[in-house]
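Just need the whole structure built from these sequences, with the hints factored in.
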Amino acid sequence: MAEIKDPENTIIMETTKGKVVIALMPDLAPGHVARIKELAREGAYDGVVFHRVIADFMAQTGDVKFGKKGGESFNPARAGMGGSDKPDLKAEFSAVPHVRGTCSMARSQSPNSANSQFFICFTDAPWLNKQYSVWGQVIEGMDFIDQIKKGEPVSDPDSIVSMKVAADIAA
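Take 1 as the starting number for the sequence shown in UniProt numbering and just add one per residue.
Simulated from the structure, these hints should not be mistaken for laboratory data.
From the three backbone atoms N, C-alpha and C, an ideal C-beta is built for every residue, glycine too.
Keep in mind that a hint or two might mislead.
Said to hold, decoys possible - Cβ pair distances, simulated, as ranges: (1) Asp124 x Ala2: 18 to 28 Å; (2) Ser162 x Asp27: 35 to 45 Å; (3) Asp156 x Ser94: 34 to 44 Å; (4) Asp27 x Gly70: 31 to 41 Å; (5) Glu3 x Pro76: 22 to 32 Å; (6) Val99 x Pro30: 27 to 37 Å; (7) Arg100 x Lys130: 13 to 23 Å; (8) Glu3 x Asn112: 28 to 38 Å.
To be verified - Derived PhoX-like pairs: lysine-lysine, alpha-carbon spacing no greater than 25 Å straight-line: (9) Lys130 x Lys19; (10) Lys150 x Lys19; (11) Lys69 x Lys86.
In structure tokens form, the structure reads like this:
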């Protein structure tokens, strides 16, 4: 496994394809990192599907309202239209480029509408730069992200089995 230098700022995301390790960037997007960690610690992301996966672009997940398999509001037709019950976040745009493995928050047209949904870039996506809040970088397991079923929407989508802050995992 990748060397984890800062367990408090590392996410271990077990997907239906395999384990993905994400280094968080609290200096870059402190509000977004705090939200990702808060939702992960609540177990909110566990069971959430990858509802929008576009080949050669990105895999989107994180709809904890309509995209959580087994959740009371799970609705595959509405996955991607919901978020958490927490308030939306203020944009934390930066000059960090969207490259392969970048983790960034999804949002509506409003810059300050990110909530719980996020995406992971399969390839460089420079047109997203300075328009979405980058909060992490995959440091291991991109091969598993590459294997996630594609589609808009995805039929029989892959999902996040569990998503935890590395500091919370017993050694």
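Worksheet item: Looking back at the numbered hints, which does the structure fail to meet, lowest number first?
Response: The structure conflicts with hints 2, 5, 6, 9, although it agrees with all the remaining ones.
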